[in-house]
Amino acid sequence: MPKRTDIQSVLVIGSGPIVIGQAAEFDYSGTQACRVLRSEGLRVVLVNSNPATIMTDPEIADATYVEPITPEFVEKIIAKERPDALLPTLGGQTALNTAISLHENGVLERYGVELIGANVEAIHKGEDRDLFKGVVEEVRKKTGHGESARSVICHTMDDVLQGVDTLGGYPVVVRPSFTMGGAGSGFAHDEEELRRIAGQGLTLSPTTEVLLEESILGWKEYELELMRDKNDNVVVVCSIENFDPMGVHTGDSITVAPAMTLTDREYQTLRDVGIAIIREVGVDTGGCNIQFAVNPEDGRVIVIEMNPRVSRSSALASKATGFPIAKIAAKLAVGYTLDEIPNDITRETPASFEPTLDYVVVKAPRFAFEKFPSADSTLTTTMKSVGEAMAIGRNFTEAFQKALRSLEKKGSQFAFTGEPGDKAALLEEAVRPTDGRINTVMQAIRAGATAEEVFAYTKIDPWFVDQLFLIKEIADELAEAPELTRDLLAEAKRHGFSDQQIAEIRGLREDVVREVRHTLGIRPVYKTVDTCAAEFAARTPYFYSSYDEESEVAPREKPAVIILGSGPNRIGQGIEFDYSCVHASFALSDAGYETVMVNCNPETVSTDYDTSDRLYFEPLTLEDVLEIVHAERQAGPVAGVVVQLGGQTPLGLSQALKDNGVPIVGTSPEAIHAAEDRGAFGRVLAEAGLPAPKHGTATTFAQAKTIADEIGYPVLVRPSYVLGGRGMEIVYDEARLQSYIAESTEISPSRPVLVDRFLDDAIEIDVDALYDGEELYLGGVMEHIEEAGIHSGDSACALPPITLGGFDIKRLRASTEAIARGVGVRGLINIQFALAGDILYVLEANPRASRTVPFTSKATAVPLAKAAARISLGATVAELREEGLLPKNGDGGTIPLDAPISVKEAVMPWSRFRDIHGRGVDTVLGPEMRSTGEVMGIDSVFGTAYAKSQAGAYGPLPTKGRAFISVANRDKRSMIFPARELVAHGFELLATSGTAEVLKRNGINATLVRKQSEGVGPNGEKTIVQLIHDGEVDLIVNTPYGTGGRLDGWEIRTAAVSRSVPCLTTVQALAAAVQGIDALNHGDVGVRSLQEHAEFLTAARD
Amino acid sequence: MTTSSRGTTRVPAVLVLEDGRIFRGRAYGAVGETFGEAVFSTGMTGYQETLTDPSYHRQVVVMTAPHVGNTGVNDEDPESRRIWVAGYVVRDPARVPSNWRSRRSLDEELAAQGVVGISGIDTRALTRHLRERGAMRVGIFSGDAVRDEAALLARVKEAPEMVGADLAAEVATKEAYVVPAIGDKKFTVAAVDLGIKGMTPHRMAERGIEVHVLPATATVEDVYAVRPDGVFFSNGPGDPATADHPVSVMRGVLERGTPLFGICFGNQILGRALGFGTYKLKYGHRGINQPVQDRTTGKVEVTAHNHGFAVDAPTDQVSDTPFGRAEVSHVCLNDNVVEGLQLLDKPAFSVQYHPEAAAGPHDAAYLFDRFVSLMEGQRA
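Residue numbers (the numbering used here), protein chains in the order written: chain A, 1 to 1102; chain B, 1103 to 1482.
Extracted from the complex, chain A is given alone in its bound form:
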């Protein structure tokens, strides 16, 4: 029975902004699903507030709504588009929760929309802890295996405290219901921890429900990915084993596929239980993920949870096996059965089978604790990693070491030189799971720990522990060998040692090791991910390297372009760069090139085997890239390597690649240097007669002080060559300058500290542009909402700019062109300007695709990354205009006055982090980027667009209620007008004494509330923090005093985060929010698809 014929149009809900626990994997899944549904002839309507996704490209769906994913907005879309069905299982927890709301409030029934891919009962059975326990009990009756951890469901703090006694005491696990990525869950070892974690969990859970559970810390953890069709055929796509035992969220664990330490009997038990669960829950057309804990002492199996939808793990499983779960889930949802769907990779066998692997896959998480210095770095059941890298090898050691170097983070690879430290102390340290615990374990082994000791302290399975010993023993052999023989070097490569590691151990240079290796004829071969362990021929060139014997790279005729991706997502380098790489692949494929993608991020669209002609799932290090270039040159002509689209990672490799004879297309490595090096860039600016803020570079405090004294405080200080404003700070006085220099560990003559004049009260402007050597195409001009000094990645911005006039655009255009020409750009450039007074300062220029390229492309309906890729390979702006890739006339600087306004807002991960005392981390924005993702709001006027951006990022702005205002002295003047507006909209204002006084003097009434430091009043008057916790405040405006941000207001802001109350931390944001509230209170807010938007702009341009 093939496809259903009663469905003509489907609404797909995306997952919204990238946040911890819900990231690019849903772009990968959603994009696959939309493509499949369209190829089946269905009209696809998509809603996703995240502009940095491939799925929101206008050509992926028929109608694309970049609108907030809230029941209100989705209802508007349903009313307008009248889809037959809603597919909610591909957009993570956000989509599932939204679909449930639309079901419960009757919208789906009212508009006759059928939920496909999952039914409401199944969603509840899978997600509701109590119901799921019942499922597991049923399954135990049928299969004789599987049970739930003993637990109690709690709805109040009293339930929680009693629950601990029922379970027999601490520690206990707290899990809130219906939250994503395990948000709000954790281990409580005593009552204080319990009150905190459970209190927050009750708040976070949409059903005010938490589960308290017996501790199974230290057990083995497994996951199965299953799929089921309407004929009740079930397959297990992949098994995943967590290297880190129970206690660490699977998103934060190193994980391995397939499971390594199960006998067939034990594996089949998990499989039987898994299949019985998917049947009992009633997922009838789609996939699910089931997590298990296995007691290493007796094999007792506990079912932890199931997700009745596509998940991060299913994306990983798809990449690990070559079985595209999301794609197949979409086909099942519209009526196909597994045996009717061909396996893409073999083309001849059906999808109703279970992939078998002849390689090992290791995923390693990437964290960003350096961005949140006050956060507790202990890994728990709340996910904290911001990205991940996956690696494939022919054995565990090879895959594991490749994964660690894919993380591309200082110290992520094992180091074997230097003193390891004290064994006892290292073992003690290894007890606490952290980012980098694995390196601590390795040092403990080097310090003489036995395998038994490592297991006793960490509970890492002895087989994995032995693999660590194997790696260490090879490192010892490398160190001790009189010379690097062919056998020894081949053996080390076979176990994943990088040239760099070997060089370090042998005290050689990396390039020397490489040369020796090549002389000895030791090079990797490339094997295919084929779903079937070579039983059938694979038609899809999805490769990974291994130091084995036979390579499977086929010769080709067309010239290849190798596109280097951006590696694991991290703050500052996320999905936006993957977007640009994917676009380059599409554009270059259309232009007749064979596209070759290199990346190691399993979450992304770029690592879908469908995206490029060839995919190499490999680390983005010089060694790995050089080997791929070599292999591709053996296969056929190579036109060049694209480095400017994947962010800082490929950019950082460009010079070394060129030095090794690899052709870099587009902006040359020398030009990249000219933009990144302060001195060289200063000369470019001077020649073009453009002002930059006064600045200098220093390697000592004395030098820094001299510069700061000369240009005056405040100064902006930062290390050179960083992305995302890492370590950047606004310094207001000499004392802080001294401590900043003292704290900076990486200062050296080649890596000096940059000291810039800080432009107070300046408007910051971002420009994305294309340059072909002759002509500039101004892609877009974005005006930041927050002032200069807040990282551009964390600042909201508007396009077209809302307060800049034609003269300003003209100046921006001229400056951009001068810089692009001076630097020597061929492709994209992003420049940040600051307009202070009437002077337009150049803050910095990046000769590469920027974070804003997808936003600019969508706001202006022009595919900038595609154009950049073409320009890199020699096309001109004029040719691209002629071809239609760029508009015939005009550009991003000539947007008509009646064009809609697009607003980008950043999404911050505050709620994920706690300090070691369990308190929230501060939420103040600064020059260091900390946002994980972004949303876009688009509407005819700024206020509505801003309101939509807020609704998409944090939930709707309140339109009435109580607003608490407390601002720093320097912000008090700017606060008065917006405060008056709030009152005019019927808000009751709350303020502490200082702010209340200023408001009063300006004729604005405010209710005086007590500061936290004042404590509860004599008649029980609550402090502002208590009011927030009790849900009595609807909007918070709190700007920090000074820049430390950790002084006053911290408790207010963290309370706002834990209660999810909108909290504005700049007066500019307040002014924008007031415009938004004004728009919301003035009549109906509509929705408009990107396709309609593009049509409008195109018509206006002609």
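Heads up, a few of these hints could be off.
What the hints assert, rightly or not - Simulated crosslink set (DSS-like; lysine-lysine; CA at most 30 Å straight-line):
#1 Lys-1259/B to Lys-1384/B
#2 Lys-141/A to Lys-80/A
#3 Lys-141/A to Lys-1288/B
#4 Lys-230/A to Lys-1401/B
#5 Lys-1384/B to Lys-3/A
#6 Lys-1384/B to Lys-125/A
Claimed, not checked - Just some of the chain B residues that point at chain A, by a computed CB distance under 7 Å:
#7 Asn-1172
#8 Val-1198
#9 Arg-1206
#10 Gly-1285
#11 Lys-1287
Just so you know, these hints were derived from the structure itself, not from any lab.
Model, not experiment: these values are computed from the prediction.
For glycine and all other residues, C-beta sits at the position ideal for the given N, C-alpha and C.
Given the coordinates of chain A, assemble chain B onto it according to the supplied hints.
Chain B in isolation, oriented as in the chain A frame:
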């Protein structure tokens, strides 16, 4: 034997295929030489069950999963009294087993049972070679057995071929024995052992069947001496074209109309008894992920396979046979190979794959229930 500081053996070993392709690695298990038919198995779990499956007699098994031996060897999982594979080819053997049931390492077990193996070769390259060229003879040589390549190749070419090999009697029990029913006994089954796996009588015993396992040489009289409610023909090694004796015994059973069930070799024997031919597959089905469709229900089951030969029966029509109408009940969706037969006028059916699993998924366990219903139906 020299052992490096890493505990892995450094004894060189060579694998030589009859078409002259050579792989060099290290000895694994026993050191010496061995010959057999090279086949690959794609299962990621269950090496202990695979090694002890009598159907692998005289075959050198290449494991496509790179890590083998991780869970060691326990005393519960073997499918028969000994390891049957003629040789074992793995990429990365475990140095340390890890499992709560493990009693010893696989390396030790292989050495103790004299099974010559090789490790550290490109098993994927070897698998692709066998996929393209078909299963063929192979030799593994390690230690003193390693000589010049031409001499080794000559030895490989002297080894017997699988086509025409009659091996069931070599692996089957010599004496009849009884596997008692678990719980109340409901039925008696005579199981002709052509290389039976331990899980098969166990699956029947679980359903209240007392299983009388008979040697491969059992006659129709021997079968009926146990007064069976049903008769079972097991899996086993070798070329079904040589199995004339079991075919004639099965015809005797079919004539009497006793409920009959066959697995693997038993399926091929039913095929022959009905008058169909059998043929050798290019490289066989060996793995635990094979999609088989039950044509009566349309449902797909993921199943364990281990067969190098298949029945040549028409999949698109009902055939007339000396025992009435017969049809192909199951097919493999990967390549449309016949995976099951059933008679429409008599209570007899068989499958080419392994519903007893071990190793493998339990999706097809319902077939034992189907056998029980046939016996119930006969009684009613």
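* To do: Tell me, in ascending order, the numbers of any earlier hints that this structure violates.
  => 2, 5, 6, 9, 10 and 11
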